[in-house]
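Fit chains C and E to the known structure of chain U by using the hints.
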Amino acid sequence: MGAPNVGLDVFFVLIGAILVFAMHGGFAFLEVGTVRQKNQVNALVKIIVDFSISVLAYFFIGYWIAYGTTFFVSAAQLSGDGGVFAPQGFTLVKFFFLATFAAAVPAIISGGIAERARFWPQVVAAGLIVGLIYPFFEGIVWNGNYGIQDWFARTLGAPFHDFAGSVVVHAVGGWLALSAVLRLGPRLGRYGPNGGPFLPSSIPWLALGTWLLCIGWFGFNVMSAQSVEGVTGLVAINSLLAMVGGIFAATIAGKRDPGFVHNGALAGLVAVCAGSNIMHPLGALAVGSVAGLIFVYCFHLVQERFKVDDVLGVWPLHGLCGLWGGVAAGIFGLEALGGLGGVTFLSQLVGSFGGAVFALVAGFALYAIISALTTIRLTDEEQLRGADISIHSIGANPEREF
Amino acid sequence: MGAPNVGLDVFFVLIGAILVFAMHGGFAFLEVGTVRQKNQVNALVKIIVDFSISVLAYFFIGYWIAYGTTFFVSAAQLSGDGGVFAPQGFTLVKFFFLATFAAAVPAIISGGIAERARFWPQVVAAGLIVGLIYPFFEGIVWNGNYGIQDWFARTLGAPFHDFAGSVVVHAVGGWLALSAVLRLGPRLGRYGPNGGPFLPSSIPWLALGTWLLCIGWFGFNVMSAQSVEGVTGLVAINSLLAMVGGIFAATIAGKRDPGFVHNGALAGLVAVCAGSNIMHPLGALAVGSVAGLIFVYCFHLVQERFKVDDVLGVWPLHGLCGLWGGVAAGIFGLEALGGLGGVTFLSQLVGSFGGAVFALVAGFALYAIISALTTIRLTDEEQLRGADISIHSIGANPEREF
Amino acid sequence: MGAPNVGLDVFFVLIGAILVFAMHGGFAFLEVGTVRQKNQVNALVKIIVDFSISVLAYFFIGYWIAYGTTFFVSAAQLSGDGGVFAPQGFTLVKFFFLATFAAAVPAIISGGIAERARFWPQVVAAGLIVGLIYPFFEGIVWNGNYGIQDWFARTLGAPFHDFAGSVVVHAVGGWLALSAVLRLGPRLGRYGPNGGPFLPSSIPWLALGTWLLCIGWFGFNVMSAQSVEGVTGLVAINSLLAMVGGIFAATIAGKRDPGFVHNGALAGLVAVCAGSNIMHPLGALAVGSVAGLIFVYCFHLVQERFKVDDVLGVWPLHGLCGLWGGVAAGIFGLEALGGLGGVTFLSQLVGSFGGAVFALVAGFALYAIISALTTIRLTDEEQLRGADISIHSIGANPEREF
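So the sequences go chain by chain: U, C and E.
The first sequence begins at 0 in numbering that gives the first Met the number 0 and counts up by one.
The second sequence begins at 0 in numbering that gives the first Met the number 0 and counts up by one.
The third sequence begins at 0 in numbering that gives the first Met the number 0 and counts up by one.
Mixed in with the good hints there might be a few duds.
[Said to hold, decoys possible] No more than 20 Å apart at the CA atoms, straight line, and that leaves these computed lysine to any residue pairs for SDA-like:
1) K254/C / E381/E
2) K254/U / E303/U
3) K254/C / R376/E
4) K306/U / R376/U
5) K306/C / Y190/C
6) K254/E / P120/U
7) K254/U / R376/C
8) K254/U / S392/C
9) K254/C / R384/E
10) K254/U / P397/C
Treat the hints as calculated values from the structure; they're not laboratory data.
Isolated chain U (complex conformation) (with noise of 0.2 Å):
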């Protein structure tokens, strides 16, 4: 990196930083939108200390697990007068990125386990998740420790790519999802009897939530370059491309249902992070129709017919979607599908699946943990009254109920 191009890159990795960030208050939002009116306020809440104990975590010990830098120094070393650290500051700003790509897991779980996990325990999961589980994944991948990099181009082709995260944030927090929803059971009247689908308490906000998300995105995936001398338009194209064919394959399959549609969209996007620097336009859009069309189909297959409930139907969204492509990296990103090649379909096919494999039995193990030193499940009454009443002691709407 050039000198001249320091401050550029502070700035041009700060604005990755602040739009992935604002994905949060998306996440926040969507999941507002979709739950039941009486546990909007836990939604909100539990994003943004989620968000907190995710940076504190990150910054204490998961980029250390991850990178091998810690910032017990001056703030003037660190600011790179001298010593491991970029002028300007620019190590600083990295860690802002990469804390808001590692605090994404935790809110995609949040998702999954919505209107009936009790605070704190959720909150020591989400710091736990951060500090130790996802580095651990993430530094394998993108510093290639432990040179496993290094033995899938030896033996399978290729190192595991995974530009932005299809795999390293998505089908990581997907599948950590899934062990949790799995753990705490179903939301109280879900299933049964009386049981059925509860529905969401407001589409606006649904869809909020969503076009945060969406927007921020672009810094998700064309920010993940981290240089402007690395940045491609090629990104930003092919991510636009696999959100516009979540859409619309979503609006199709899922018969115009506006929670299809919008998150046919976050499907496009969470399938071409793996793979967005390497395809080409229409290979991006494939490849984000087929999420978008693997979403519809999954949503009410895991609800129903498995009966797991995931409330945001985050198991398929990122577990499945972020499956889907870090594979699919290794078909659309080959030069004979009019990629630019550098990748193997069975780097891409073990790597996926690895990461989603890790994921799941890590969760298992982390949410057993929990659960055997406390309760992490409200009571049938803290869940009938809401977990809004039930944590916070207010609901959505304070002057309106009362």
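Below, chains C and E alone, put in the same frame as chain U:
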């Protein structure tokens, strides 16, 4: 464009594209807040699906019509590895930027035809507009197609100047919308013996839409320079002062009505696009203030006197203020009035009215053809139940409604 | 500033301006969610009209008071074609950036005086504050006017350091608000035999306001460098950690109340502004955590014990946390505490309290004059009907209400 700046320009235009993309969220929520509650979901789905079909139409046809470039080569070539494409995928991010402009045209129309348009015919119209009609005019003005700008320069003293699209985007969108509104007819019960204005469902959502539009608009205007070498703070301050002038004029003329106050901001921004890079800030303030007055005085005139059921007032807002903006660039852009010059009043007058007439004629033809082939209007019964239930089988607040 | 970087700096400061502009949307929605429903429209209109009058007052007078520059020359000169203006209109985009700071002061006050202020007197007050009071102090601190910074450097060991305005913007805004709140008196029915706290209308809108404020705040802080050469990631990470500290402290001290959790984020960000470019991230975490506690403990104290009806708690939030931030820069900015140095505790103490006293005195004078000339308070009957109907002739949900 010097090589070291390519990555910087990719970054610059990307941010513009993201900001204009955010404006589409603004279009959605402005419509959500302005329509009746039983049509809120439809507003949301229309905007995001129209955006999607617009991107596809512009990718496959429209961009080629305007600029003569197609994207059907390998990703390596698209990334600028030889060939006609700029390095680091600059051409691709420029496509993203211009696609968000193109998609604004159906978003404008959507607000006019709200609450009574059938879904798919309206989506098809969006595709045809962005694939064929809009880029034909865009290419004439912004790419010099068919030598019409040369003819303007020779005959009227200067090429038609429309820096950020007061006419190309807004007037074209507004006059297309007028033709659509006239073809569709007024909403059930809007006029007649028991008719009367339908009140907006939610001022906060209306305001949120406006804020998103205003925030994104600075990208719409300033990033229209399309390179960091060409950027100028003049566009930024002029956009600011025109917006402020529109707000202030609409607040006074509109007697502090929140719909007028917020739309006044948009009126100022529509009008300033064309001349924002050549006017003095005081000129921009005047242009925006006049636009605010145009909106307030024409809104009721159109709806009550002419009985044209333009739900969000998009013809006054985009059609008339856009027209005014195009003409105003030929007044306040003159050096005699403190501007940078390079424009003539005559050229602006002819170009602006030319755009409006083109859009009106093209719109009449398009909607005549579509309505000859299929029904474009919801039945009375469907309107009574609301577009949400009729088209999307769900309302805006499903939990409360069932 | 080297010539090749001018366009880049225009871009950089523009993004800062857009982000701080977005914060004004945040102020609007934070107030919408916190006031009673019958005052939501008034909150929205106040913020956007105050923003407008602020831009005009700062353009015509305020910027000249602070920086000695006026804009009454040709557009060519403004664009940097010779004269005192920087090339590519850099001076103009800097005006935009600083105008969004200036306009934050009335936005802060707005939250304190909510629900009972008459419209136009309050708009006039905003104009006078941004045209005269704020820029007088701003020029002293940020432009070295009247040699007061020199006196600080000579006498107190260092100039008063307020990088991004903990004192210049927030404490000044908060203490002006206190004077306004005291002059207006409490809302009808707030205290007395049947009085009691008025509950907020909507936590989701309150939260949305907070998210917009937090997102934009990274522009407020980081772009205060005003050039890419001067940008540092230290400001970014410090803002992040102070925000997170504020959230966490307020969550615990505030018992998971959503109002405290979200305002805790703002408290941390207010306090970190002054020293964000000189503190260690751990110092920023401490500063933000203390700010979160200040807000939680002072909010009820002010409202219940002192019976000061500061609706959004803007005096604790901006006044006290801003004061704390100014002083804290003289603690955690010291090299002994891992900071970059260049500050003294005494200088920060005197400067911070000086700002608070200046604002309080100026505010008492201003509101005394205005209330001598006109009525500034809504009548009891107007308050009963709500500011929305009384001032704007329409409520927040017109369709439902009629």
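Right, here's what the structure says about each hint:
About 17 Å separates the Cα atoms of K254/C and E381/E, which keeps this hinted pair within 20 Å; it holds. Among the hinted pairs, K254/U with E303/U is consistent with the structure: their alpha-carbon atoms are about 18 Å apart, no more than 20 Å. For the hint linking K254/C to R376/E, the alpha-carbon distance of about 19 Å falls within 20 Å, and the restraint holds. As the CA atoms of K306/U and R376/U are separated by approximately 18 Å, the hinted pair is consistent with the 20 Å bound.
Restraint check: the Cα-Cα separation between K306/C and Y190/C comes to about 7 Å, which is no more than 20 Å; the hinted pair holds. Taken as a hint, the K254/E and P120/U pair is honoured in the structure, with Cα atoms around 15 Å apart against an allowance of 20 Å. This hinted pair checks out: K254/U and R376/C have alpha carbons roughly 19 Å apart, not beyond 20 Å. For a cut-off of 20 Å, the pair hint linking K254/U to S392/C stands: about 9 Å separates their Cα positions.
Only pairs whose Cα atoms come within 20 Å are accepted, and K254/C paired with R384/E is accepted, the gap being roughly 18 Å. The straight-line distance between the Cα atoms of K254/U and P397/C is roughly 17 Å, inside the 20 Å bound, and the hint therefore holds.
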